[in-house]
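Peer 1: The primary structure of each chain is shown beneath.
2 protein chains.
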Amino acid sequence: MKDLGHGANVDVIAQKYNLNPRDIIDFSSNINPSVIPGLEKYILEGLRACTSYPDINYVNLRSNISDYININPNFIIPGNGATEIIYLMMKSIGKSIAILNPTFSEYERSARLNNLEITNILLDKNNNFEVDIDNIEANIDKFDSLFICNPNNPNGKVKKIENLLELLQKHDKLLIVDETFMEFVENEEGYSLIKYVEEYDNIFILKAVTKFFGLPGLRLGYGVTSNERIIENIYKYKEPWTINSFADNLSNYIFKEEDYIKNSKKYYINEREYMLKSLREIKSIRVYDTDTNFILIKLRQNTASELKNKLIEQGKILIRDASNFIGLDESFIRVAIKSHEENEKLIKHMKNLLGD
Amino acid sequence: MKDLGHGANVDVIAQKYNLNPRDIIDFSSNINPSVIPGLEKYILEGLRACTSYPDINYVNLRSNISDYININPNFIIPGNGATEIIYLMMKSIGKSIAILNPTFSEYERSARLNNLEITNILLDKNNNFEVDIDNIEANIDKFDSLFICNPNNPNGKVKKIENLLELLQKHDKLLIVDETFMEFVENEEGYSLIKYVEEYDNIFILKAVTKFFGLPGLRLGYGVTSNERIIENIYKYKEPWTINSFADNLSNYIFKEEDYIKNSKKYYINEREYMLKSLREIKSIRVYDTDTNFILIKLRQNTASELKNKLIEQGKILIRDASNFIGLDESFIRVAIKSHEENEKLIKHMKNLLGD
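Residue numbers (our numbering), protein chains in the order written: chain P, 1 to 356; chain B, 1 to 356.
If you are wondering where the hints come from, they were derived from the structure by calculation, not from laboratory data.
As the structure is a computational prediction, the values presented were derived from the model and not from experiment.
You may find that some hints are simply not true.
Put simply, identical chains are the same to the list, so a pair is met inside one copy or across any two.
[Stated by the list, open to error] Taking lysine to aspartate or glutamate pairs in the EDC-like style, the calculated list, with each CA pair at most 16 Å apart, reads:
no. : residue 1 : residue 2
1   : Lys265    : Asp141
2   : Lys348    : Glu313
3   : Lys160    : Glu188
4   : Lys236    : Asp3
5   : Lys91     : Glu281
6   : Lys91     : Glu228
7   : Lys238    : Asp134
8   : Lys351    : Asp134
9   : Lys195    : Asp67
10  : Lys238    : Asp3
11  : Lys170    : Glu258
12  : Lys238    : Glu108
13  : Lys173    : Asp144
14  : Lys238    : Glu106
15  : Lys262    : Glu189
16  : Lys236    : Glu106
17  : Lys125    : Asp289
18  : Lys265    : Glu232
19  : Lys125    : Glu330
20  : Lys125    : Asp329
21  : Lys236    : Glu108
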């Protein structure tokens, strides 16, 4: 695969620096490190299911997701990660799309591969990446659909976007929201647009099971919309059996893990505060506010690639060089919030390298 | 998902007949019932890998497949089942394709969704579905690529197709061979075109790990070609992280399971003979020869849907109504070869219903 510019390239880095991949602490991908209790049991149960084809209609899986987010199962389209749904959606909407940048690069790649006309609208990095509703309105004739990630990757700050929904509603445009990091947000219900999906048919929401539940290798995400034309288009193109039996079976359990969900949310509330406070003791960096499990940082003295190299060499720590995000430059890095012990190690090494 | 006309719709049937899905014996999907020893251990190891993103380049996975089929790892494109590779390939080849029918319906669906011009060439059901090379040559100007499944689904008879390769080579056309059932064939090496892939760049072969190894819910297949233009096109479109960590990790073990592979092959050699002999005692059906793990049958007195209904009602046995394959009609059914005990049960019920 050619380099798509994502993080999590632990094996490549290990080879380059002659390290054992297991020794590298990966701060470049944003995964909850906490493990669901009972996971081994559920996975072995999934193994038995694995000797048959998954249900091509994913009736049980959609029903489990439906109970979790309280939405009609017919409005839920499960996928091999959110990624499958992003690509299917790009085939199934209009001809032109606006993307709020900097953000996850697969939105643009999938739009481009499906020949959509793309307008990149920049969030202002000097104003905490605020959504500039006037600027969007000024560009309204350039797109049928607008794509926003909330909380946004790479900056992690959640936004209230009811005014954006209202604007797009007024102009008969589709609002696509990637909410794959929404579960990390303290007041999730206050920010998620899931509650409007059954009422408005111009919303499409992307969710991923595997980030908040710490299982990116499981490959499970889903799209949510009540727009019947889009649902029909997606199933016209959807390939059969894309979700594996382990993911299908695990859906019977993970959404009911109330303690895991509550404790993970609580952990991130506290750990964000600790990380932001500790990182802000370093004078030569600007640390952006976050509501999720990663932090965007602007370096004032080093380049991202310099710091990335030094952290690998001195601490076997892998961070995300964020210079390839549209609208950012070589002064930006992104780090995940991992276990407290790992976070302490990152902060210690960053302070060593950058000074207090 | 709208009905794509595949088998394995156990849940739908269970609901229709008010049965527990676990009580249904599924002869409609073609899966090796034998379980790899040590599987649980490997899966739990995969669970640990699952807490990170899969390697986007699948270096280790491709290396394992490379050792198994003795092909340069750069010529191996792993996928979420063979299905992902079928769809990617259709985006990555020429503008027109010939498909030898009756066969697996996803070839046509994927070709249609990618706007390829399709020519369906019929295999002669009155002549054991032989490949008519003269007929293909007569149609040679109608396609850039020709798609054949070998052994073919639904009839299961393997064919020597070197003459087809030579013909297409001469006319500068691509030969696509779905060999996902090839490992069930007694003299696999004699029939598989894998041995020509490095020499000829007009071959594209599809393989699936999960049929022969009995794990369709794992979702692991791959394409093999030395055609660099096609490989480049595929990676242009390929979505990241489509293969889950369980599949990636399991590849460290399954291909080295020599006893499992040998015993499965031996089982099918004997069981095919038993099944063909027993089924041929039923006078009112025609049983086609097979070299793989399923059997095509033509009914002379009943329709496929009548027999399918009766077998569910009387034996909780699900067979594949094969009437929706192009070139077949409502007199055709397909049954898998399962465990000996299950096969005995199928034969007993078929004899009850159809007479000796």
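Peer 1: Hint by hint, note whether the structure agrees.
Peer 2: A quick look at each hint next to the structure:
{"no.": "1", "hint": "Lys265 <-> Asp141", "verdict": "neither (39 Å within a copy, 62 Å between copies)"}
{"no.": "2", "hint": "Lys348 <-> Glu313", "verdict": "within (14 Å within a copy, 69 Å between copies)"}
{"no.": "3", "hint": "Lys160 <-> Glu188", "verdict": "within (11 Å within a copy, 61 Å between copies)"}
{"no.": "4", "hint": "Lys236 <-> Asp3", "verdict": "between (30 Å within a copy, 11 Å between copies)"}
{"no.": "5", "hint": "Lys91 <-> Glu281", "verdict": "neither (47 Å within a copy, 52 Å between copies)"}
{"no.": "6", "hint": "Lys91 <-> Glu228", "verdict": "within (15 Å within a copy, 27 Å between copies)"}
{"no.": "7", "hint": "Lys238 <-> Asp134", "verdict": "neither (36 Å within a copy, 36 Å between copies)"}
{"no.": "8", "hint": "Lys351 <-> Asp134", "verdict": "neither (40 Å within a copy, 75 Å between copies)"}
{"no.": "9", "hint": "Lys195 <-> Asp67", "verdict": "within (13 Å within a copy, 51 Å between copies)"}
{"no.": "10", "hint": "Lys238 <-> Asp3", "verdict": "between (26 Å within a copy, 12 Å between copies)"}
{"no.": "11", "hint": "Lys170 <-> Glu258", "verdict": "neither (38 Å within a copy, 64 Å between copies)"}
{"no.": "12", "hint": "Lys238 <-> Glu108", "verdict": "between (20 Å within a copy, 14 Å between copies)"}
{"no.": "13", "hint": "Lys173 <-> Asp144", "verdict": "within (5 Å within a copy, 41 Å between copies)"}
{"no.": "14", "hint": "Lys238 <-> Glu106", "verdict": "between (18 Å within a copy, 11 Å between copies)"}
{"no.": "15", "hint": "Lys262 <-> Glu189", "verdict": "within (14 Å within a copy, 56 Å between copies)"}
{"no.": "16", "hint": "Lys236 <-> Glu106", "verdict": "between (22 Å within a copy, 13 Å between copies)"}
{"no.": "17", "hint": "Lys125 <-> Asp289", "verdict": "within (12 Å within a copy, 68 Å between copies)"}
{"no.": "18", "hint": "Lys265 <-> Glu232", "verdict": "neither (35 Å within a copy, 43 Å between copies)"}
{"no.": "19", "hint": "Lys125 <-> Glu330", "verdict": "within (14 Å within a copy, 65 Å between copies)"}
{"no.": "20", "hint": "Lys125 <-> Asp329", "verdict": "within (11 Å within a copy, 64 Å between copies)"}
{"no.": "21", "hint": "Lys236 <-> Glu108", "verdict": "between (22 Å within a copy, 14 Å between copies)"}
Checked against the numbered hints above, the structure violates hints 1, 5, 7, 8, 11 and 18; every other hint is satisfied.
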